[in-house]
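Could you slot chains G, W and C onto chain D? The hints should help.
There are 4 protein chains.
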Amino acid sequence: MQVTAHQQQLIDSFKQVRQQSLALTTHLETEDYELQADIFVSPLKWHLAHTSWFFETFLLKQQVHGYQEFHPQFEYLFNSYYNAVGQQYPRDKRGLMSRPTVTEVKAYRQYVDQKLIHWLEQETHLDPDIEALISLGLNHEQQHQELMLTDLKYCFSFNPLYPIYHNPKFPKDYDPSQHNRSTPLSFIEFGGGIESFGHKGDGFAFDNEGPQHQFLLNDFAIANRLVTNEEFLAFVQDGGYQNPMLWLSDGWAWVQQQRISSPLYWQQEMEEQFEFRLSGYGKLHPQQPVTHISFYEADAYARWAGKRLPSEYEWEIASKKQPLAGHFADRKLFHPQAANPEFDGELQQLFGDCWEWTQSTYSPYPGFKPAAGAVGEYNGKFMSNQMVLRGGSCATPAGHIRNTYRNFFYPQDRWQFTGIRLAQDV
Amino acid sequence: MQVTAHQQQLIDSFKQVRQQSLALTTHLETEDYELQADIFVSPLKWHLAHTSWFFETFLLKQQVHGYQEFHPQFEYLFNSYYNAVGQQYPRDKRGLMSRPTVTEVKAYRQYVDQKLIHWLEQETHLDPDIEALISLGLNHEQQHQELMLTDLKYCFSFNPLYPIYHNPKFPKDYDPSQHNRSTPLSFIEFGGGIESFGHKGDGFAFDNEGPQHQFLLNDFAIANRLVTNEEFLAFVQDGGYQNPMLWLSDGWAWVQQQRISSPLYWQQEMEEQFEFRLSGYGKLHPQQPVTHISFYEADAYARWAGKRLPSEYEWEIASKKQPLAGHFADRKLFHPQAANPEFDGELQQLFGDCWEWTQSTYSPYPGFKPAAGAVGEYNGKFMSNQMVLRGGSCATPAGHIRNTYRNFFYPQDRWQFTGIRLAQDV
Amino acid sequence: MQVTAHQQQLIDSFKQVRQQSLALTTHLETEDYELQADIFVSPLKWHLAHTSWFFETFLLKQQVHGYQEFHPQFEYLFNSYYNAVGQQYPRDKRGLMSRPTVTEVKAYRQYVDQKLIHWLEQETHLDPDIEALISLGLNHEQQHQELMLTDLKYCFSFNPLYPIYHNPKFPKDYDPSQHNRSTPLSFIEFGGGIESFGHKGDGFAFDNEGPQHQFLLNDFAIANRLVTNEEFLAFVQDGGYQNPMLWLSDGWAWVQQQRISSPLYWQQEMEEQFEFRLSGYGKLHPQQPVTHISFYEADAYARWAGKRLPSEYEWEIASKKQPLAGHFADRKLFHPQAANPEFDGELQQLFGDCWEWTQSTYSPYPGFKPAAGAVGEYNGKFMSNQMVLRGGSCATPAGHIRNTYRNFFYPQDRWQFTGIRLAQDV
Amino acid sequence: MQVTAHQQQLIDSFKQVRQQSLALTTHLETEDYELQADIFVSPLKWHLAHTSWFFETFLLKQQVHGYQEFHPQFEYLFNSYYNAVGQQYPRDKRGLMSRPTVTEVKAYRQYVDQKLIHWLEQETHLDPDIEALISLGLNHEQQHQELMLTDLKYCFSFNPLYPIYHNPKFPKDYDPSQHNRSTPLSFIEFGGGIESFGHKGDGFAFDNEGPQHQFLLNDFAIANRLVTNEEFLAFVQDGGYQNPMLWLSDGWAWVQQQRISSPLYWQQEMEEQFEFRLSGYGKLHPQQPVTHISFYEADAYARWAGKRLPSEYEWEIASKKQPLAGHFADRKLFHPQAANPEFDGELQQLFGDCWEWTQSTYSPYPGFKPAAGAVGEYNGKFMSNQMVLRGGSCATPAGHIRNTYRNFFYPQDRWQFTGIRLAQDV
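Residue numbers (numbering that gives the first Met the number 0), protein chains in the order written: chain D, 0 to 425; chain G, 0 to 425; chain W, 0 to 425; chain C, 0 to 425.
One chain only, chain D, in its complex shape:
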């Protein structure tokens, strides 16, 4: 049977994404795959298994006649939160699953890959809905690739030996000396009016990015770059964490109860500020963007600075004409980089580097309908108590993001590469 170019392209994408998940882990120790430091992170092994489970559950079991599941209990063990599929192994116990071993999970991946590729090779006329499901599976896996990096960083941070995930090599086109020079903060104005927002068209997008709809926006201005460590340190040194007037009520309660006094991973030694990075423990770089901050911290900083956070609509307008480029995971820096002073006054860092907290709550767009079937649990059911973030980060796979992409986390979450872009009314 002849494989069409379209089929081949799909197969190649599949192989590439699947391979990338493994590539992130191959240099690690077996022990590193098992870590789960809190309920909101998962062990690497679980990520590797769950992403395979997705393809097995929603494609192989549904589409491939006579498919033999790899293991009868994996349906239960590696279901994240799909109630339509059935009960789930308790989320907070994922780190207690020493079996299946890493080797067995890799065999599971291989089994699923082989079966899926074999099936794709047969299917010359794939139903568009099925193809969309494969795309969803691949985009889902890319999201887990990002989580693998941020979850591991979080778990490593509990080890006083501060394990090093990787030693970054700077790409040829990137001059780290810019780290030492600052880019002045400025605000770029945008006019308001009725505009279209959200995703429409043929390419892949998550259901929560649509439907495209019109929204009436006021004039606004948005910062040219992210807030830097140096700037955030000034907030800290000004007593920002001790001043309730700067905080939302829930944020202040969180600061008090959790005894928060700096971004996650910051540590002060004597007079100097250090931080833990995926490249290990070291001095804070003043010009790099502040990262690993909660929405509450972003909001308090903005209030202290006399500004505000942008809405997701403002962010979308501002980024509409920007190239989808930036420090994504393919740069293998795995840490947000300083703005480039050469492009002073221009919008920078919108994509990659840090997910940018917006002031928008994660709510359904007008007319939103979740996808049919079990994958309808993908996004819609999380539309409460979370805030929208935009733009991707240094841990997001390149090509995964869009300017309509809506990420969402709880306002207290800090373990993602989150940052702050200021905005103001005009």
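Rather than coming from a laboratory, the hints here were simulated on the basis of the structure.
Hints are supplied without guarantee of correctness; some may be wrong.
Chain copies aren't distinguished; within one or between two, either way the pair holds.
[Claimed, not checked] Taking lysine-lysine and the DSBU-like style, the derived pairs with C-alpha atoms no more than 30 angstroms apart in a straight line are:
1) 368 - 319
2) 92 - 282
3) 282 - 331
4) 14 - 199
5) 105 - 92
6) 114 - 14
7) 319 - 114
8) 14 - 60
9) 331 - 60
10) 331 - 319
Showing chains G, W and C alone in chain D's frame:
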């Protein structure tokens, strides 16, 4: 000195509202004033003192030369959450304050009232900002009047003797026999477009109701009446509380962890459904609106019914031309009443009866600025993690509400008289 | 019918004890009766009701033909922990019972008293078991009298107004100037051997004080007096609360988790040490015994001092020939008093002042059998995880105590008037 | 230099015990070494490291001139609870230490072993105190060998795949068919009087086993064998877990809060009772001793059976003339075995099989003094809130136990191989 008509009107309003707080409690036992069953409710005595503290702190201490405070520690004891004023006695310990006694707190009220009225009588030309602050204090007190009823109901519900707050007398213009006949559910359509929302103008409004701004709305339809107990019971009996597919993820976690299986205050005995009301324990009335439900329950019910909750914008449009009338606290029924089948097909129950959960998160309107000074902590700092409710309830003082009024509670809160009005896209 | 002298004596005892409970509360405000600051304390009103419940449940309902219970739900509301009687209203909710009111509970007391006295007047030949049950009820009520004082003190301590329970008048035979002179610490030796321990004989004793049995004791020495505030302050100032080597492992965990750094009710202002007493807030008296300390603190202090706590056997031997006299509740001082330097070198303060922590765990004596029936739940079921205390306190009713009396609390409990007497091996 | 026979013997013991720890783990997967399912268990890797830390900290660093520590942070990472040595890595985070890896920890072991053996080979005249410290280190390691088995079992039990630790082979001298025949329960009487208790003499013993002292004991009778699964099942089926009258008050609270309804690891499927063993999941054996029960369950069972638990003194007398033989870990059965009906009426199972809960609290013997220095933290500081268990279990290394050996756990602990031997007064 001659008191102007305007002064007299203000003094009369002041006396009326202050008197009303006491009127709600006079038939109670001293012991009833002390109850605090959870951190989110306060003892009646605390409400009576705190509302006086508001006038003492923001008016008497600021405006009246040589004012002697009633007690030096009341500033600390009865500060709710104003960090600009200073530290606060721990909220969860308010029930442990046997001193000052009820009698002493009433003396405190009298002292504050006397000083304030005396001062008002002197001030022939009151600064409009000061007058606005008095209005704020009175509206603040009305909010606490509602809380006094709902907090007491919550506390009484822990007592197996089920104390009766009051025995309602039906007003002459109200025929309770309508309780027994149902009003068919229908949907009334509204056209979309750019509309103005939020408060503007001379009358009192809270800062969170503004600024008035334009918003682009789609066509929509909204239910003529609230969801009834009978309808909600069908959801319960259909296994609504056991079906994760109907719930937001956080809602499902809440149902599971708190073992929720019915609205607050419902209790099943044998095959029959009972509930606890301010008038005591009794059988559920099928045609009365379901009440004391969380946002999660409202949202799950709407999904089960194939509908959705309205946005606060939709609600505001729908209610714009409706008279500000309904079963408010002055009716002294203190429980939501059944819709009137005589007005079949018309919008009913928008005001009074039950606060209506919207799908809108409690966020600042575009251009929102909190009030200057300590009272700036009134509304703005709560703008995270909460949902907007509209329309007032059977416990809201008549005259307190507006169609732009934005109430807000956490999605799991149930001790207010909350209810459900359905909506749908057109 | 003629009442015998024996009957009259019983009736008089009954009246006296019952009256004493009320006497402790008559000068208080209604609001004070309702306080419950933690699960381990109960509101005064509950104590007044529960002690009546005891007589109603175990005597009137069992013995008096045709007895009409005062209220059908009181059996449930005021049962403390007698599973044999039935379910109990949740202990942590006792403060939420605004009804029955204080007045109603006093009426309940009066009803029970009247019925019981009337019955006693009829019973010329009371079964000894029944008479023992009445004695148990009276001793039970005396225990609650002590708890009323310590529970109220605990609850009052949460009120920054520091309510004053009473202003003590020193008795004529007591010279408080001794407070200012110290009594040297010395140790009195006792020879070991086989001795009899525990209660035997006709007078009332709790079941846990028996059976009398022999025990082989080593030689030992015991301190002449209790550890003073001054001495304990030296431990604090020497970093006693920061040094893990001084603490039992569980004690150290408790100190860390609860952030304990001084006895309960101590408060440092500038350089001076204050404490809260039932007579209000004031300076610490250096020569008064340290009180309101946990077993862990007593044990750590003893280790710091190079001594140990006595066993309950040692304490019993040491106190055997001492008069049953001391500062009990009838002195109405309600605070432990300094040792008397005139009796230097003699055993002092064994009875009254402070309950003395022993190193003995609260375990059954050899051959212990709980009483038959529901009152068998009185003592035996608490024989795990608690430590024995001996000697009574300034809040214990005079006449309630014996030298075989075994009180018991958890090692972390501090709200009783507890103190330290040191011991050592010879 | 010539190694003396005594030196060689010490070196051989050292090698044997150290080797045994590794032998327990060699067939496991790397992932299995990392599991920590609760704060009271530790990962296997941690056990392997900590036992090496003990020798490094208390011997190599103290005794070997110029000793170079293996890693500067291991002092912190692998300190269990020795405050005299310094701060400790948080106990509940031990499972988050993916580095050092298993391989590195094994290298650490090898390094410590080599250095220690090399040193021992030099020391022809070892100070007896130092030799005692080595013995302590080896006995300490044997205790951790037992914990490795019980901790791993506990962690494996959270995995629905029920990993198998080992497939037992029955030794030649052991006929498992006895499993199917019951041994009648009988009671063996012992006379009381003054007896000597505790350890005295040259052999190794823990400090808590002494000093030897006299105690006056009453006559008593003790059961010939442990309570069986069949007998305990009768308690369960009789509603033992639902009847508060059978339980200590703290035990009943524990049963209610933790929803306990059977021994740990029991699971009912349909009408049959299964359990999880180190050999996997399978049917309960009726004649095997009930195991993995708390003190509370043991105590409740004894009350239900009309008996009581023995005191540790009674147990010590009863076992005094018994051979130190039984099913210990060297049998490699790792599960308690049925009593042997051939020895009907004789004392059985005193050593090995199950640790036997006594009614004795873990308190210091009269005159007890902890060892000097850091190892003084070994036993003494745990002498509160725990109960004494006697006799060792199927997971205890043979040769580790003595009849004076005092093990101790909290009354709610269940993850050890604990069981019940009944006793009664005579």
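Here's how the hints hold up against the structure:
1. 368 - 319: Classified as both: same-chain Cα gap 24 angstroms, cross-chain 28 angstroms, threshold 30 angstroms.
2. 92 - 282: between (35 angstroms within a copy, 26 angstroms between copies)
3. 282 - 331: within (20 angstroms within a copy, 53 angstroms between copies)
4. 14 - 199: The answer is within: 27 angstroms in one copy meets 30 angstroms, while 59 angstroms across copies does not.
5. 105 - 92: both (20 angstroms within a copy, 27 angstroms between copies)
6. 114 - 14: Cα proximity of residue 114 and residue 14: one copy only (12 angstroms, versus 51 angstroms across).
7. 319 - 114: Neither way: residue 319 and residue 114 sit 40 angstroms apart in one copy and 60 angstroms across, limit 30 angstroms.
8. 14 - 60: within (20 angstroms within a copy, 54 angstroms between copies)
9. 331 - 60: neither (35 angstroms within a copy, 43 angstroms between copies)
10. 331 - 319: The answer is within: 26 angstroms in one copy meets 30 angstroms, while 56 angstroms across copies does not.
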